[in-house]
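Which chain is which? The protein sequence lines are V and D, in order. Add 97 to a position in the first sequence, counting from 1, and you land on the number used in the working numbering. Add 1 to a position in the second sequence, counting from 1, and you land on the number used in the working numbering.
Since the hints were derived computationally from the structure, they do not count as laboratory data. This structure is a prediction, so every number in the text was calculated from the model and none was measured. Beta carbons: idealized from backbone N, C-alpha and C, even for Gly. Any given hint might turn out to be false.
[Claimed, not checked] Here are some, though not all, of the chain V residues that point toward chain D, as calculated from beta-carbon distances under 8 Å: (1) Tyr130; (2) Gln138; (3) Gly139; (4) Phe162; (5) Phe193; (6) Pro206; (7) Thr211; (8) Leu213.
[Claimed, not checked] DEER-style ranges, computed between Cβ atoms: (9) Phe193/V with Ser59/D: 16 to 26 Å; (10) Asp8/D with Gln181/V: 24 to 34 Å; (11) Asn31/D with Glu165/V: 48 to 58 Å; (12) Phe193/V with Ser40/D: 38 to 48 Å.
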Amino acid sequence: GAGVSQSPSNKVTEKGKDVELRCDPISGHTALYWYRQRLGQGLEFLIYFQGNSAPDKSGLPSDRFSAERTGESVSTLTIQRTQQEDSAVYLCASSFRLAGRADTQYFGPGTRLTVL
Amino acid sequence: SQQGEEDPQALSIQEGENATMNCSYKTSINNLQWYRQNSGRGLVHLILIRSNEREKHSGRLRVTLDTSKKSSSLLITASRAADTASYFCATLQTGANNLFFGTGTRLTVIP
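Could you build all of it, start to finish, from the sequences and the hints given here?
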């Protein structure tokens with residue numbers, strides 16, 4: 098079946114502009130995660146959605162970052178007034194999560210964001 | 002930081018040799034997972050080991066977990082050039098929703 102998809106694959110924007118990144122999770126996966134990976138570094142957790150529960154936003158670095166998810170489908174990550182330090186690869190993952198367990202996360206290919 | 006730390010940061014070996022990567026973490030965990038990343042893009046899940054397990058095998062991969070030392074190791078046997086990638090450990094901490102990733106080991110397998 099189809100894996101996690103993300104769009105666009107690459108985005109170049111000017112400082113101060115808003116950007117919107119999209120993630121299509123694997124069908125039937127209840128959990129969706131956004132991570133950020135700066136060049137040569139590990140992944141930083143940004144936000145987590147699980148079913149209809151309130152999202153865990155504890156990893157969002159500032160109020161310029163926000164994300165939405167419609168039910169158990171598509172999610173969008175929005176960065177307002179982008180800064181050069183926002184340049185990174187933004188990775189989305191989904192998993193079929195049962196209560197009290199964490200299943201394998203399946204990652205999308207990522208969106209490489211470059212802020213000039 | 003609550004991230005794990007991998008050791009070494011970079012490893013270069015000859016094809017056919019074994020590669021061992023280590024991961025240390027700081028808090029109690031539900032499970033620990035290893036992922037592989039090619040060319041800085043999407044990660045591929047390799048293996049998951051639960052906190053009550055000590056060793057797990059999958060093909061040429063062997064993972065160990067020592068919760069008393071808060072450490073794990075990933076062994077890749079009979080390495081191939083195609084194993085060249087970055088390898089990350091990730092922990093699901095008790096009570097957490099998300100994985101905490103280490104900084105990764107960059108493995109280069111020389112043909």
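*Looking back at the hints listed earlier, which ones does the structure fail to meet?*
Going through the list in order, the structure violates hints 4, 5, 7, 8, 11, 12 and respects the others.
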